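Between the sequences and the hints, there should be enough to build the whole structure, so can you do that?
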Amino acid sequence: MTDFDKKQDAYMERPARIQVDPETLSGPNQSKAQPQGTTYNIWYHKWAGGDRGDKIKERAETRVDIDLDSGKTRGTDDKNSYICVFFARGACPHGYQCRFRHRLPKLSDRLPFTKDIFGRDLFGQTRDDMGGVGSFMKDHSTLYVGKLPTEGRTAGVVRRHFGEFGPIERLNFLEDRGVAFVRYAHRYFAEFAKEAMSNQALDEQEIINVRWATEDPNPRARADLQRRQEEMARQAIELALDEAAKERKESEEEVENRKRALLEANDAGQDEGERKRIKGPTVEDAAKEGDEQEVSVPTDSIFSTETLQSLHSMASSLRAKPASASGSGRTEVKSTPGTLVSAGYDDSDDEA
Numbered sequence: 001m002t003d004f005d006k007k008q009d010a011y012m013e014r015p016a017r018i019q020v021d022p023e024t025l026s027g028p029n030q031s032k033a034q035p036q037g038t039t040y041n042i043w044y045h046k047w048a049g050g051d052r053g054d055k056i057k058e059r060a061e062t063r064v065d066i067d068l069d070s071g072k073t074r075g076t077d078d079k080n081s082y083i084c085v086f087f088a089r090g091a092c093p094h095g096y097q098c099r100f101r102h103r104l105p106k107l108s109d110r111l112p113f114t115k116d117i118f119g120r121d122l123f124g125q126t127r128d129d130m131g132g133v134g135s136f137m138k139d140h141s142t143l144y145v146g147k148l149p150t151e152g153r154t155a156g157v158v159r160r161h162f163g164e165f166g167p168i169e170r171l172n173f174l175e176d177r178g179v180a181f182v183r184y185a186h187r188y189f190a191e192f193a194k195e196a197m198s199n200q201a202l203d204e205q206e207i208i209n210v211r212w213a214t215e216d217p218n219p220r221a222r223a224d225l226q227r228r229q230e231e232m233a234r235q236a237i238e239l240a241l242d243e244a245a246k247e248r249k250e251s252e253e254e255v256e257n258r259k260r261a262l263l264e265a266n267d268a269g270q271d272e273g274e275r276k277r278i279k280g281p282t283v284e285d286a287a288k289e290g291d292e293q294e295v296s297v298p299t300d301s302i303f304s305t306e307t308l309q310s311l312h313s314m315a316s317s318l319r320a321k322p323a324s325a326s327g328s329g330r331t332e333v334k335s336t337p338g339t340l341v342s343a344g345y346d347d348s349d350d351e352a
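Going by full-length UniProt numbering, 121 is the number at position 121 of the sequence shown; the sequence numbering is gapless.
There's no promise every hint is true.
[To be verified] Computed spacing ranges between beta-carbons, pair by pair:
#1 Asn-199 / Ala-48: 37 to 43 Å
#2 Thr-150 / Asp-9: 26 to 32 Å
#3 Arg-260 / Asp-216: 22 to 28 Å
#4 Asp-77 / Ala-261: 25 to 31 Å
#5 Asp-77 / Ala-48: 40 to 46 Å
#6 Asp-242 / Arg-99: 36 to 42 Å
#7 Glu-215 / Tyr-44: 15 to 21 Å
#8 Tyr-44 / Asp-9: 24 to 30 Å
#9 Asp-216 / Pro-93: 37 to 43 Å
#10 Lys-246 / Asn-199: 16 to 22 Å
#11 Arg-177 / Arg-14: 40 to 46 Å
#12 Glu-215 / Arg-110: 24 to 30 Å
[Stated by the list, open to error] Quick list of in silico lysine-lysine cross-link-like pairs, DSSO-like style, CA-CA up to 30 Å:
#13 Lys-79 / Lys-147
#14 Lys-57 / Lys-7
#15 Lys-72 / Lys-106
#16 Lys-106 / Lys-79
#17 Lys-6 / Lys-79
#18 Lys-115 / Lys-138
#19 Lys-106 / Lys-138
#20 Lys-249 / Lys-6
#21 Lys-249 / Lys-259
#22 Lys-79 / Lys-57
#23 Lys-138 / Lys-259
#24 Lys-57 / Lys-246
#25 Lys-6 / Lys-57
#26 Lys-246 / Lys-259
#27 Lys-246 / Lys-7
#28 Lys-115 / Lys-7
#29 Lys-259 / Lys-106
#30 Lys-106 / Lys-7
#31 Lys-259 / Lys-6
#32 Lys-7 / Lys-79
#33 Lys-246 / Lys-72
#34 Lys-138 / Lys-57
#35 Lys-115 / Lys-259
#36 Lys-138 / Lys-79
#37 Lys-6 / Lys-106
#38 Lys-147 / Lys-6
#39 Lys-246 / Lys-115
#40 Lys-6 / Lys-115
Hint data in this document are derived by calculation from the structure and do not stem from the laboratory.
The structure presented is a predicted model; accordingly, all values stated were derived computationally and were not measured.
C-beta atoms are modelled at their ideal positions from N, C-alpha and C, and glycine is treated no differently.
Structure (structure tokens):
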């Protein structure tokens, strides 16, 4: 784990704060985005036709402060949650109750190939104006930053502002054009920085323009890009293998624990059964068995339930008496459905 990731984990020990007042988003002063055209293209996520709305831009009213706004939310422990896009813009009204994460992305985050860090679907092609969420066919790790001042230490200012959202590998500033290209270590950081710095101001009152950068035609840059993509693929495979091995190990341990519990329970049952087979049932076991024995009452008998239970008790007591030496006092007790239970009675008694 890098120092950058450790710093983000430290922020998760505190609850995330509310960035904006919820009433400002639902009250009468709520600002609604105006359509930037006459026809909305659902594939490219943009308006077409009419006057271009990006000729006159307004400065963003909010901006995220990573050191102040990062914190734990309801979505922090949810493996399927994404980063809150409103948190990146500095305008989340939910704070700790937000269902998404309020932190910077980490290299250990596993995201679907066709989604960005905010859970939005990526497209097959980049928009014509190089805006929007981007494409899953390209490695969008480089940002184009336009409308920068051409005087002063602009390169250092750009690095300071954009370095807040992730490690920067390279920054190329074209002073005569007021344009900078910021390349991050991973597309995760570029996606976050694009949302966070869109229509923002640096140290002056300028309103910068942040878009995806086009592919660098420099052969060295292309070779470097290919090397980075291979390294990212290798890291992703290693991470997936490590997590798969961890899950497999946990599954094996769970299976072993279940087997051990079953064996212990089986051994305990065998020991009890072996003791009873060798020593026979104890007095307590016999008494318990006698108490738990149910008396079967025939449904077609002419006697009541109380009478049959009394006869059954008498038969049990006679059965428990030891037989006499001559055998003349031996009494047999038979119980059959629908007949009188004989308890020492004979035909002569009935005739009398």
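Quiz item: Which hints from the list above does the structure break, by number from lowest to highest?
Solution: 1, 2, 3, 6, 8, 10, 13, 14, 22, 23, 24, 25, 29, 31, 35 and 38
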